[in-house]
Amino acid sequence: MAGLYKSEFKNPVINWLDSRLPIFTMMQREYGAFPTPRNFNYFWSFGGLAMVALMVMILTGVFLAMHYVPAADRAFDSVEHIMRDVNYGWLIRYVHMNGGSMFFIVVYIHMFRGLYYGSYKSPRELLWMIGVAILLLMMATAFMGYVLPWGQMSYWGATVITNLFSAIPFVGKAIVTWLWGGFSVDNATLNRFYSLHYLLPFVIVGVVFLHVVALHITGSNNPLGIEPTGPQDTIPFHPYYTIKDMVAMVVFLTLWAALVFFAPNLLGNPDNYIPANPLSTPAHIVPEWYLLPFYAILRSIPNKLFGVIAMFGSILLLFVLPWLDTSPVRSANFRPLYRIFFIPFVIACVVLGIVGANPPQGSWLLIGRIATAWYFLHFLVILPLIGKFERPLPLPESILQPVLRQGGGSGGLPAGATAAPREVS
Amino acid sequence: MADTAATTHDADHGSDAMPKRDFLKLVATAGAAVGVGAIAWPLIDSMNPTRDVLAVSSTEADLAPIPAGQAVTVVWQGKPVFLRHRTEQEIKEAEDVNLNQLPDPQSDQARVKSGHDQWLVVIGICTHLGCIPLGNKPTDPRGEYGGWFCPCHGSQYDTSGRIRKGPAPANLEIPPYAFTTETKIKIG
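Going down the list, the sequences are from chains R and E. The opening residue of the first sequence carries number 1 in our numbering; numbering runs sequentially from there. The opening residue of the second sequence carries number 1 in our numbering; numbering runs sequentially from there.
Honestly, the hints are just simulated from the structure, not real lab data. For clarity, every value in this text was computed on a predicted model and none was experimentally measured. Idealized CB from N, CA, C, for every residue including glycine. Incorrect hints may appear among the rest.
To be verified - Think about it this way: if two alpha-carbon atoms lie no more than 30 Å apart in a straight line, the pair counts; the simulated DSSO-like pairs of lysine-lysine are:
id: 1; chain 1: E; residue 1: Lys-113; chain 2: R; residue 2: Lys-244
id: 2; chain 1: E; residue 1: Lys-20; chain 2: R; residue 2: Lys-244
id: 3; chain 1: E; residue 1: Lys-25; chain 2: R; residue 2: Lys-10
id: 4; chain 1: E; residue 1: Lys-92; chain 2: R; residue 2: Lys-10
id: 5; chain 1: E; residue 1: Lys-79; chain 2: E; residue 2: Lys-25
As the list claims (entries may be wrong) - Using C-beta positions, here's what the derived DEER-type ranges look like:
id: 6; chain 1: E; residue 1: Gly-37; chain 2: R; residue 2: Val-205; range: 31 to 41 Å
id: 7; chain 1: E; residue 1: Ile-44; chain 2: R; residue 2: Ile-347; range: 24 to 34 Å
id: 8; chain 1: R; residue 1: Ala-283; chain 2: E; residue 2: Phe-23; range: 22 to 32 Å
id: 9; chain 1: R; residue 1: Ala-257; chain 2: E; residue 2: Pro-65; range: 51 to 61 Å
id: 10; chain 1: E; residue 1: Phe-23; chain 2: R; residue 2: Asn-15; range: 42 to 52 Å
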């Protein structure tokens, strides 16, 4: 029969399905036998954790949507209805609420891994850029999701952030009216945020699919930053990294559960348990913690338009990172100068987060400005220069070579170091 | 070690040769199944009626304003409930019916509260496919038996709300109710 795929599965049902739609073959190739560098550390588990977080967020979100009412006069009460009247509503809500934080924790660590080990460098530039796109979608989704409970922070955070667009010359005010669907953040705004908040996660799923496809074309990076030279440098994804990722997942879920069951409001703002009041502004308007660094950058520039440009610029800058970093060496393990400068960069990011939580006055403003300056300096000045002046350490011959016994070449392979596990079909 | 592994491989996939791995796989799968169940149950249960819906499960109705021969519809648990004040003639018609003639035999006494024969309280949902039968308004057709007439498929109910003719299999359901005073009832 023309057109049928030649499936190699023995089970007749699976063979029938696979020859018409080779998902089983695809799964076996991409997640079963896929040759993966043998030297992954646990930083490489965070992409998988992000996938788990996304799936749980969609699942809990869909069930919350069965009870939530997206109307300005009923939204807040509907959330309390979920907490008090819906069976396990409190659990589903707290999992979803803290899941937003867990998703960002995991994605930020995933990104810092990329920055440290040079995973954004050729040939993975597009992979990195797709990742930045996912981050932007996540930020939009999270921002709109936070508006839905219609608490004080929901309302005023929405007001502040949507007002930013009025900084755009000429058309700014019209754009803001269009975004609001009215003359202030109100019912129309809430309704469209609900629609988009339901939609974007599925867009994220699509972009994540592209992200994984791009990854499978180039193959993964690894802590040494050198490409695999042959089968001795790789192991099949299953069972080695499936089980390793499962260990990471257990730790991840335990932390998530600890938050949900013992400190569900630790990362939240108490002001959001006050129903939105358009006539009363809270003393300190702050977004959720994962948006604080960008909030700090925004508020460190005294000019409204340039503040907005700086804030968006700080993320858009990431798109061109592969071309800003001029070093031919990927992993920071072999880049002594880059390693030194990596530390103040991470510190600057953390400091920006802390600054974002505090009022933009006095010392906080000064510290925020210094940290903002360092952030941009790191990408625009330090990275391009380091590549030119750094003397990298010598790279190993291969991924396998550093773990061989002393004095052994390819003849000193440890017994268990073959690419395939002992189980044979 | 690679050698001993090779000699223990049988033609039938070698599964008998690795009891420890099989055990671990079994335990892991069982654990995963428990995990999936633990996650699925709260999500499924969240779709069950919420506590506020369960709390609003009774309705009070005042019968005093209803004159004889007329009826009123109230809502109980989201369903219509017919409250009919029966005339003497309607009560007699209901009591005189030979139970053998009924598709769903039930005496009139079993369908009303003793001492309150003139009050018929039935759920106004046709037992065929769920339409609301006509007969409460004075202008409604009541069918051949003076009760209710369902316009969807022609089921006809008598003055006791029992099915007499048509595709409906059962009498109109009597909800749980009680008289709190001579003229007030609490349904549910």
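Task: Lys-79/E paired with Lys-25/E [C-alpha distance capped at 30 Å] - done: 52 Å, violated
- [ ] Given the hint that Lys-92/E pairs with Lys-10/R, test it: the Cα-Cα distance must not exceed 30 Å.
- [x] With a Cα-Cα distance of about 76 Å, the restraint between Lys-92/E and Lys-10/R is violated, given a limit of 30 Å.
Open item on the list: For the hint 31 to 41 Å, verify it against the beta carbon of Gly-37/E and that of Val-205/R.
Closed with: Taking Cβ atoms as reference, Gly-37/E and Val-205/R lie about 25 Å apart, which means the hint is violated.
TODO: Would you mind confirming whether the straight-line C-alpha gap from Lys-20/E to Lys-244/R stays at or under 30 Å?
DONE: Distance ~19 Å between Lys-20/E and Lys-244/R Cα, so the pair holds.
Open item on the list: Check the hint pairing Lys-25/E with Lys-10/R against an upper bound of 30 Å on the C-alpha distance.
Closed with: Measuring from Cα to Cα gives roughly 22 Å; hence the hint holds.
Task: Pair hint Lys-113/E and Lys-244/R, alpha-carbon separation not exceeding 30 Å - done: 70 Å, violated
Task: Verdict for Ala-257/R, Pro-65/E (Cβ pair) under range 51 to 61 Å - done: 58 Å, holds
- [ ] Mind checking the hinted window 24 to 34 Å against the Cβ distance between Ile-44/E and Ile-347/R?
- [x] 46 Å, violated
Open item on the list: I want to verify a distance hint. Is the separation of the beta carbons of Phe-23/E and Asn-15/R within 42 to 52 Å?
Closed with: 30 Å, violated
TODO: Just tell me: holds or violated, for the beta carbon distance of Ala-283/R and Phe-23/E against 22 to 32 Å?
DONE: 60 Å, violated
In terms of the numbered hints stated before, the structure departs from hints 1, 4, 5, 6, 7, 8, 10, listed from lowest to highest.
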